[in-house]
Amino acid sequence: MGITIHYKGTLDKVEKIEDFVNEITDISKEMGWEYDIINTEPEKNKPAINGIIIKPHEKSESLSLFFDTEGRIQNIASLIFENIDDDGPPIASIKTQYAPLDIHIAIIKLLKYIKSKYISDLYVFDEGDYWKSMDENILREKMEFLASRIELLGDVLDSHSEEFGKTKSVEQLADKIEEVLKKFGFERND
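Take the sequence shown: its letter number 139 is residue 1173 in this note's numbering, and every next letter is one higher.
Just so you know, these hints were derived from the structure itself, not from any lab.
Treat the hints with care, as some may be off.
As a list, the in silico DSBU-like pairs of lysine-lysine whose alpha-carbon atoms are at most 35 Å apart [unchecked claim]:
1. K1078 - K1063
2. K1129 - K1166
3. K1089 - K1200
4. K1063 - K1149
5. K1063 - K1176
6. K1149 - K1129
7. K1151 - K1202
8. K1129 - K1200
9. K1129 - K1143
10. K1143 - K1176
11. K1129 - K1202
12. K1143 - K1050
13. K1080 - K1063
14. K1146 - K1217
15. K1216 - K1063
16. K1042 - K1093
17. K1151 - K1047
18. K1093 - K1063
19. K1063 - K1047
20. K1078 - K1151
21. K1047 - K1089
22. K1202 - K1166
23. K1151 - K1176
24. K1200 - K1166
25. K1063 - K1050
26. K1129 - K1216
27. K1080 - K1176
28. K1050 - K1080
29. K1166 - K1151
Given the structure is predicted, the values throughout are model-derived calculations rather than measurements.
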């Protein structure tokens, strides 16, 4: 739960991966962001992966920009679970909810730059709406609203922890949590 940026795409020219990694490394250094360069050999059921993973802030998730041999952005889950989708690029994501606003903005600006230079088909879905609006106030309002809902959710769950402890199964616990959350206006959106 929290404002997240989702993205997918394929490098315009796979042979430019080294240039891409070098430039994103330079940008990361300039921004003071930690990073790791990824360059693996193919293994059984796993293709070679090249790219960079960036840690823009201690309170945000990492920005994964690594690619398979076809130049498709790969997400960490697909690599861990050996589930690389041959039907198209998987969606990668970075949660920025708990990082400062300027981190979210910097990531969006970086992704826009990457789209303009390296990944013309880059698709970005920004839950903070900054990708489309470039309006800091909209982003701030969304982050503050969600932060207040997360805090309320934590308070509600904490205040009912004794009830939750009396449940006898995972299913009972899930039902009890859902019942309590409905009382406070938290509805499922299946």
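Q. Hint numbers the structure violates, sorted upward?
A. Violated hints: 3, 7, 14, 15, 22, 24, 27; rest satisfied.
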